[in-house]
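Trainee: Given chain A, put chains B and C in place with the hints provided.
Residue numbers (my numbering), protein chains in the order written: chain A, 77 to 245; chain B, 40 to 144; chain C, 7 to 671.
Since the hints were made in silico from the structure, they are not lab data. Cβ atoms here follow ideal geometry from the backbone N, Cα and C, with glycine treated the same way. Errors might be hidden in some of the hints.
List of simulated lysine to aspartate or glutamate pairs, DMTMM-like, C-alpha gap at most 25 Å [what the hints assert, rightly or not]:
#, chain 1, residue 1, chain 2, residue 2
1, C, Lys-179, C, Asp-121
2, A, Lys-241, B, Asp-135
3, A, Lys-241, B, Glu-116
One side of the interface only, derived from the structure: several residues of chain A facing chain C at Cβ under 10 Å [said to hold, decoys possible]:
#, residue
4, Gln-167
5, Ile-170
6, Ala-171
7, Leu-174
8, Gly-175
9, Leu-177
10, Glu-181
11, Ile-182
12, Leu-185
13, Leu-188
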Amino acid sequence: MTLLPFIALSVVAIAFALLLVLNRNAVHGALCLVVNFAAVAVFFLMLGAEFIAVVQVAVYAGAIMVLFLFVLMLLNIQGQEGGLEQKPRSQILIAAVLGILLLAEIGVLAPLAAGLGGAQAAAVPADFGSPRLVGLTLFRDHLLAFEIAAFILLAAMMGAVVLAKRRLA
Amino acid sequence: MAWNAPVPFASWVMLSGVLFSIGAVGFLIRKDPIIMFMCIELMLNAGNLLFIAAARYLGIMAGQVFVFFVMAVAAAEVAVGLAIIVAIFRTKSTIDVDEMSGMRG
Amino acid sequence: MIGDFLWLIPAFPLAGVLVNGLLGHRLPRMLSGTVACLAVLGSAVVSVMGLLHLLQTPAGQAREIHQTLFPWISTGSFQTSVSLMLDPLSAVMACVVTGVGFLIHVYSTGYMAHDPRYHRYFTYLNLFTFAMLLLVLADNFLLMFVGWEGVGLCSYLLIGFWFQKPSAAAAGKKAFLVNRVGDFGFLLGMLFIFAVFGSLDYRVVFDKVAAEPGAITATLTAICLLLFVGATGKSAQIPLYVWLPDAMEGPTPVSALIHAATMVTAGVYMVARCSILFVNAPAALLVIAIIGAATALFAATIGLVQNDIKRVLAYSTVSQLGYMFMACGVGAFAAAIFHLMTHAFFKALLFLGAGSVIHGIHEEQDIRRMGGLMKWMPITGFTFWIGTLAIAGIPPLSGFFSKDEIIWYSLAGPMGHWAFWAVGVVTAVLTAFYMARLTFKTFHGQPRMPEEIRSKIHESPLSMTTVLTALAVGAVFAGLVNIPEAIGHRLHLPENSIAAFTHFLEPSIVEKKEAALLIANAAGNAPVGFVRPAPHVDHALELPLMGLTFVLALLSIALGASWYVRRPGTATALAARAPALYSLLLNKYYVDEIYSAIIVRPGMAFSRFLWRGVDVLIIDGLVNAVAWFFGIASRLFRVVQSGYVRGYAAGMLAGALIVIWVLSR
Chain A
77 MTLLPFIALS VVAIAFALLL VLNRNAVHGA LCLVVNFAAV AVFFLMLGAE
127 FIAVVQVAVY AGAIMVLFLF VLMLLNIQGQ EGGLEQKPRS QILIAAVLGI
177 LLLAEIGVLA PLAAGLGGAQ AAAVPADFGS PRLVGLTLFR DHLLAFEIAA
227 FILLAAMMGA VVLAKRRLA
Chain B
40 MAWNAPVPFA SWVMLSGVLF SIGAVGFLIR KDPIIMFMCI ELMLNAGNLL
90 FIAAARYLGI MAGQVFVFFV MAVAAAEVAV GLAIIVAIFR TKSTIDVDEM
140 SGMRG
Chain C
7 MIGDFLWLIP AFPLAGVLVN GLLGHRLPRM LSGTVACLAV LGSAVVSVMG
57 LLHLLQTPAG QAREIHQTLF PWISTGSFQT SVSLMLDPLS AVMACVVTGV
107 GFLIHVYSTG YMAHDPRYHR YFTYLNLFTF AMLLLVLADN FLLMFVGWEG
157 VGLCSYLLIG FWFQKPSAAA AGKKAFLVNR VGDFGFLLGM LFIFAVFGSL
207 DYRVVFDKVA AEPGAITATL TAICLLLFVG ATGKSAQIPL YVWLPDAMEG
257 PTPVSALIHA ATMVTAGVYM VARCSILFVN APAALLVIAI IGAATALFAA
307 TIGLVQNDIK RVLAYSTVSQ LGYMFMACGV GAFAAAIFHL MTHAFFKALL
357 FLGAGSVIHG IHEEQDIRRM GGLMKWMPIT GFTFWIGTLA IAGIPPLSGF
407 FSKDEIIWYS LAGPMGHWAF WAVGVVTAVL TAFYMARLTF KTFHGQPRMP
457 EEIRSKIHES PLSMTTVLTA LAVGAVFAGL VNIPEAIGHR LHLPENSIAA
507 FTHFLEPSIV EKKEAALLIA NAAGNAPVGF VRPAPHVDHA LELPLMGLTF
557 VLALLSIALG ASWYVRRPGT ATALAARAPA LYSLLLNKYY VDEIYSAIIV
607 RPGMAFSRFL WRGVDVLIID GLVNAVAWFF GIASRLFRVV QSGYVRGYAA
657 GMLAGALIVI WVLSR
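The shape of chain A in the complex, shown without the other chains (with noise of 0.2 Å):
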């Protein structure tokens, strides 16, 4: 957790992140949020959090991208969008005025929040961040927030199935 990869790897996913925003194309800009979600899953690997990397890979990466992509194949749209040329002026100006608050506001309070956790990092078991200890945490401390997690995905499940269903009439 050095000084160097952070940068670098904060480059990364920083551009594609810009890269995802100002693309025009819905495609490359799913690909570029897979690269940033690479490179935040490597950011949770420096911070010592194996098992939740792994996961940011297998589901965000992985599963959904695949069905935003799906979804992008699926509609097929062409040109639908123009791009930023076709935006009203005001809604950017909107945009870029709140966004610059945000990151001033950010850029303030950062410093602030260091204060409360101390600077350098807590030292913690050689196991931090495994799966045994992931598990046990969900299991023994959160076991209803599991449960109630387990009952929204799947009324989310349900609930796409019966939106998606091409309807008879």
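Mentor: Only chains B and C this time, still in chain A's reference frame:
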């Protein structure tokens, strides 16, 4: 500043904030709902990153578990959201969000 | 014991209401009518059992049965329960209501046989019986008021039963509105009673008054006058009598039951029930006597020239009710109740006879197009004659005893005066004359109806003629329960059969001698100076005066026969010689027109002002202004609701930024 110096916590916050801001601005300026969705995923990821960093710097596992739940909910949200987009496209033959202003007061 | 079954008396008709009201449209007609009749028969049986029980109770014991069903209102110092009381007065009333009511129910099964809303008619009729029984059996003013309002409602519903006819709907409305005026007075009187005595139970109020006679004469006078306002509304006395003649728009059995035999006598019942209050307020008694006498005379003169068979009877009813109030006013409450009972028989008989006539000649009501009906309808004609003789006061029919008792006490009663006596005699003469006119023009002389109807005239079905016969028996013999002392002593009848009815009622009603004492006592501190103690009239006069009225009544009938049968043109010629008087009487003294000009039109104008000025302009204006303000405001704010998702997102982000900024400070 040495390249192999440890990363301070503020850096993680800044990185997470920048990614979040890019997602937010992207959401505001794009009209394609699928890309807007991706921007939402970007923002969620920025939040996840901060959770993981805080978990590491505070030495608490709960942060990682929370990210786990965020991912579950995000998956659910994507499934439903994309289904809605498909349904809208079927009925209106377009997915331009500015065309979907039927709720205007 | 009978006290535990008192609730059955009103419960039977209520059950009938539920059966006919909820299931009536599914039941066959036959069953619907039978249920209604049986319901009333059931309460009649229980009522008669109650009456017999009271009759068997030795004179020394309290002839009074109470049954408390359940506590009704219980707030602080105000306690009222739904409880029933059977004493001689309410027993007599209950028997009259259920007995005559039962006969009229039976009659209705024939009369209404072809009506499309048969079951609804019987629902209303049973509901009326229930309310009337509640009225007479209640043992406190509040429950009585429930019945009082209930009979008013049923009267409204039944007058307007054929609501497709605009005149019937209007008559129902008129009856309801005029009754409201009276009910308002009654309600005020009731509240006054509660304010003074702190209770609405008869026993409590009456005992308090009896304990200190003459103590609060002025207050009692106000209470009694307010109660009497209620009675004038319900019992059609001047000035609130105007609804009763119009009420004849309802089905004829309804006119017989509600507007002749029972409901309109509720006022008389109420005054008799509160006799202890009234004898302590002689000024109020005087007002009642004057109003009663005036109404009796006034309505009888109108009845002389009316041409609608039912309207003649309606004015006759108003006039007879005036008699009853005059009796109350002179302090002879028992005589009023006695006349109420006999009147219920013969007036119901007359109305049902009129209904039979109307039924038989195809809905014709104008006596100018009748005549000679005796030939076609012998049973109806014969029984109608009995009713006529009874109301005219021909001995030994019931009307003779009851009416002559009133006329006698209007002279010899505690508040008697020769003027009341004179009015009584003149009214009796007029009554005999207009009834003779009605009967002769309807049943005798040349038939005046169109030829094509003549062949279709028929006697009414058995269900109606049987009832007519039964009522005729009652009209003949009902008077024998109260043979006056003058006749009884002359004929050497056993002592306990003389004035038996009056003695039976004594526990419920202030007895005459006691009334005289109380009135004299209260008159000393009466607010009105001209109330004077009773005159002394020699009892030897009673028989000669009785004979005088009898002879005059006979002469009137004979005059009627000569004018309307022997020389049919006489009356018309007479009317032509005094056209002003004739049209004054024919148009009922223009009272309806006067009321319309004085009360209805200004009331309508004021209502229109409230509608257009206050309601539309001010109240609606305020409401509309509020709505207008929000309309403008929403037009401003709806701009925010653009329908563009990204616009909302921008707003959300801006809000989040503000929250973060505020929280971080």
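Trainee: Are the hints correct? Go through all of them and say.
Mentor: A quick look at each hint next to the structure:
{"no.": "1", "hint": "Lys-179/C - Asp-121/C", "result": "22 Å, holds"}
{"no.": "2", "hint": "Lys-241/A - Asp-135/B", "result": "21 Å, holds"}
{"no.": "3", "hint": "Lys-241/A - Glu-116/B", "result": "17 Å, holds"}
{"no.": "4", "hint": "Gln-167", "result": "6 Å, holds"}
{"no.": "5", "hint": "Ile-170", "result": "5 Å, holds"}
{"no.": "6", "hint": "Ala-171", "result": "7 Å, holds"}
{"no.": "7", "hint": "Leu-174", "result": "5 Å, holds"}
{"no.": "8", "hint": "Gly-175", "result": "9 Å, holds"}
{"no.": "9", "hint": "Leu-177", "result": "6 Å, holds"}
{"no.": "10", "hint": "Glu-181", "result": "6 Å, holds"}
{"no.": "11", "hint": "Ile-182", "result": "9 Å, holds"}
{"no.": "12", "hint": "Leu-185", "result": "6 Å, holds"}
{"no.": "13", "hint": "Leu-188", "result": "7 Å, holds"}
In this structure, none of the earlier numbered hints is contradicted; all agree with it.
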